Structures are given as structure tokens and as C-alpha cells.
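*Asks:* Each chain, letter by letter, is given below.
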Amino acid sequence: MALLEFRNVSKRFGSLLAVDNVSFAVDSGEFFTLLGPSGCGKTTLLRMLAGFDAPDAGDILLDDKSLAGVPPEKRPLHTVFQNYALFPHLTVEGNISFPLEMAGRPKDEIRRRVAGMLALVHLEEKEDAFPHELSGGQKQRVALARGLVNKPRVLLLDEPLGALDAKLREEMQIELIALQRNVGVTFIFVTHAQQEALALSHRIAVMRAGRIEQLDEPDRLYGFPQNRFVADFIGKINLLDVDVLESTPDRLSLAAKGLGTLTAPPVQGVQPGAHGCLALRPEQMRVVAENEDTGLPNHFPGVVRDLLYEGDVTLYRVVLRNGTALEAMIANSAPGRPRFFEVDDRVEIGWRPEAGRYLHD
Amino acid sequence: MKRGVGLWIAALSVYAFLYVPLAVVVLFSFNDSELNAEWVGFTTRWYAKLLSDQTMLQAAANSLFIAIVSSTVATVLGAMAGLAMHRYKVRWLAFLALTPVAMPEILLGVSLLLFFRQVLDLTLGLVSILVAHITFSIGFVAIIVRARLAGLDESLFEAARDLGATPWMTFRRVLFPLMMPGLLAGYLMSFTLSIDDFVITFFTAGVGVTTLPLQIYSMIKVAVTPEVNAVSTLLMALTLTMIGLASRLAPETLRGKG
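For the record, the sequence lines run as chains W and X. No gaps in the numbering here: position 109 of the first sequence is 109 in the numbering used here, and each next residue is one more. No gaps in the numbering here: position 175 of the second sequence is 1175 in the numbering used here, and each next residue is one more.
It should be emphasised that the hints constitute simulated quantities derived from the structure, not laboratory data. This one's a predicted model, so the numbers in the text were calculated from it and none came from an experiment. Hints should not be assumed to be uniformly reliable.
Only part of the chain X face toward chain W is listed, based on derived beta-carbon distances under 8 Å [as the list claims (entries may be wrong)]:
| id | residue |
| --- | --- |
| 1 | D1153 |
| 2 | L1156 |
| 3 | E1158 |
| 4 | D1162 |
| 5 | L1163 |
| 6 | G1164 |
| 7 | A1165 |
| 8 | M1169 |
Chain X is nowhere near these chain W residues, computed Cβ spacing over 12 Å in every case [claimed, not checked]:
| id | residue |
| --- | --- |
| 9 | E30 |
| 10 | P71 |
| 11 | P272 |
| 12 | T314 |
| 13 | R357 |
In this text, a Cβ means the ideal position worked out from N, Cα and C, and glycines have one as well.
Please model the entire structure based on the sequences and the hints provided.
*Replies:* Structural data, given as C-alpha cells:
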């Protein structure tokens, strides 16, 4: 039995259909992420779950019981807000004990549990500090502690890492994973940052325009995107326009306009003559000098147009004969060694047939 | 550099224009002479004389009573108005509450007088002064409270509900404590406005009750005595203290945000 279930939920704001007939279920103990660009409906889903907005249609169930008409304070869910929403007039200790006081817990229990939470988020020495005296990362930890202290069934996190700088964000991601594993609370995480979603989640629902485009585990989402939007939204991707020449149970034969033919793994139900695109991850691309042999069945000549040196890897943008640009991410072999290619170098770019994924338009 | 000097001179002249008359009043309240003409020597006898002046003491007591009661009531009503203006964003609501602030005092005074006498047929006195003072103070409190609320993060109230607080507990434990500086500032502002109000009080006081500003006015009709300087100095000190406290408590209302 799922812990939490959205059943055909819709929500309209004026003329905007913010959430369009969305259904999914979340299991107990799961780290579940709603991922999508701003305005895709992910925050609306979270607000309906927390009880700040009511669905126009459909139902949200917790432990198989509908949450309809249950006010926010009666739902066993707590939220970590984007800007943390720490009470400025209360100390760290006062903020964390707030949910316990509202629940009417005895004083000694409050004291004990707040101390436990402070230890868990490494803020023992900040007990008496006010929110304005804390750094961004510390505020974040207080917000997490406050959300978790009263043992909610589900913790909702609304872009909680958005306000942190890149380095701190990575640290907090590691802490979040550890925290979730330690407390065993179900997390529902909302973000527009795909890297964050991939790093943290057990499962991810990719949303666009109020609908779920794909719901999958991170590696499946990255490796087998179901459509152009998901492929483009998750990680870096090359999209090559193709026509289907031949479709058999063990392979697809494709034609790229102005380039020639290539092969790709089979996709069920694709007919010859269909139009779509081939999705290729930059790190799957091989690049060699123009007279060398890639040793791969799919390869085309091209010219290096731009390159982006990123330390561990270099991104090469290779323009093919038909004008399509393909990005190749190539690991830099050793520190201080010159780059493999320079701008305007003539190269051969190729990939293993299994690396490609045909996406139907 | 030259421009800097010019600016300084201009600024100092404006401040001099504002503060020299006040300084003169303070200075002459310590002058050991019946006349406000030349400095004779330092004394505190005018203050001693004030303390033995029964009419003056009664007027001071009236003023304090009116200021305390009217600002208390105005703070409660003004806070409610401010909250409503913040929450419901109805334009005419704000307009109605704020109009008395912008209205010329003389107009408010005359209309209140007509209202009390012609409509209610009330005998003018303490009650009419109180109602009048509450009327003009509400708008100020509402402005201050609304400014305070506008500076607060709305998600704080959602966070409180989310963490298990009922609407009432959200008010008591989050909204009210956060409004507190605004309420205190509003109270002090009303107090200041009430204690030195002349025009509106003049129209609504009737014959029986005298406040400090009315008393001062009736005294200077004869002559500006050192006693008037002394009572003015005290009033000034009280007012400045109140304004100072208010600006400490709710800087955003008096200094602009930031």
C-alpha cells in the first residue's frame, strides 16, 4: 500500500491549468522528487499536499484516507520552505520546539527532542541564536530540524537548496541524503535543478505544463528518456533529427538528413517513414582526428566549432556537414596535458549504436 | 569642495530655522526674569511655580488621561484596520482609514463639533475629546501597522499552520509578536499626537475640560510668561522622547525601509 497517493488531481488558477489530471503514488521511506521548470505545477502539487490550496478535482490520500477538507495544521506533514520561513522572533531552540509545543508535548520531552534534533543537524552551539545571526546553510539546517522534530509522515521540501551557493549546495545534498536515511521519513522534494534531483532522489517525476512527462528512477530517466522534453531537461543531450528507414526487433535503421544512415537500439511500435530524433549523451561520443578510424559503425566527419575547458573534462562542439552541432564531453587525460583538439580541427565523431535512443515526435 | 560647503550652510540654516525658536523657549524657561527679553540668570523657579499651579496641574492630568486612553483605544482599532488593509487589499478600506490623516485638522475639528452637537446632542467634555482624539489617531496606527505587516514574509504564517498551529495560535505566537513593534510605535505616535493636539481639542472640548495645549493658549493670550516656556519645554521633552522611542521600535515607518 502506498503511503501517499495523488488521484487524478487538477487545479486551475483563473485561465491557467496549473495541474492537469495528475496521478502518482509515493511509498513509505521514499525520497521522491517533483522536477520541472518554473510554472510546471510542482509547487502547486506541494501546496495542495500541505493543505494551502485545495484541488479542483481529484483526491489526495494519505494512508488511504482522503486529505480533502483537512486543514494544514491537522495534516501529519511538515514543509521546509524555499526561504526557510524561520520565525524571526524566536531563537533556533524556539523555532525547533514550535511544532512540539503546538502538538502539546510535555516540556521535558520537548527539551529532549529539540536537543536530539540540534545534534542531528550539528547546531548544538547555535541553540540560542536568532535566525538573522545564522548563515544560509545553518538556516537550512534549522528549517530541516523544525520540519522533522515532530516526526511527520512526510517531509515536503520546496526548493530548499535554491538559496545556497554551489559548494554549500553540494554539501547540503550529501547531508540531506544521510539525514533522510537516518530518520526514515518520506521526503517529497520539489526542484527545478535536474542535477539535484538526480543526486538525491529514489524516484523523479518530471513535470511540464501541469502534467507528469515521465516518472522513473534517476538512472533510467537519464539513460532512457521517453520524449524530447525529458531528454533535453535532464542532463546535456544531443538531438539529431532522423527519419526511420527500417524497424526490426533488434535494431532501428535511421537516416539523418544530409549525413547518411545510422543504427540505433530498437523501439517498439516504430514504423518505417516515421520522423523523430536520436538522443545522444555528450559523454557517449567519441572524437578522433579526421583520418583516424573511430572503430564505430555510426560516425560522421565534422569541424570543431567551440570548446569549453572545464578542468576534468572538455566539451567540444562539432558541426557536421548538414549544420547539426553535436557536443562531445571528453575526459582530460592527465593534468597539464594539451587538449586533444583545437577549434577548426577536422575530426570524425562517432558513437556506439547502443548509446543512441530514438525518440518519436 | 565648494559645493559641499554651500550645502552645509544651506542645511545648517534650515536646521537653525527649525530649532532656534525651540531652543529659545527652553533657554528662557530657565531665565530668572519675568520678561522674555534678556538673559538675567539661571533659575528653576518657573518649574516650581508650575507644580503649585492647580489649573495647570489639572490641565496636565486631563491631557495625560486623554492621551493614554485615546492612544490605547486607537491602537487596538488601528491595528485591526491595518490588519484588514493588509489582508484584504480593498482599496476603499485603506482610503477610509487613511483620510483622517490627510484631512485638515480644522475641518476634522469643525465636523466633529457639528456631529457631537447637532447629530448626537452630546455635552462637550472629556468624552467628546476622547472620541475626537481616537478618530484622528486610528489612521496613523493603521499606517504603521500596515507598513510593519508589509515587511513580513507571508510564508511565516503558512509555516506556522504547517507546523501544527491553529489560526488562533498562529496569530498569538507568530503574527502578534511580529506586529508588536508596530503596535508600540503606533501607540507612542498616537500619544504624541494626542498630548499636544490643539485645533481638534479646541473645537471638541467645550467649557468644562481644559488640556495642556488649551491652557498654554489661554495663557499666552495675556503674555508669554516664563511659566509658558517651562510647560512648553516639558511638553517638548515628552514628545521628543515618544518620537525617539517610536523610531527605535519601528524604524521602517519613520525612516523608510532599509
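*Asks:* If you test the structure against every hint from before, which numbers come out violated?
*Replies:* 10
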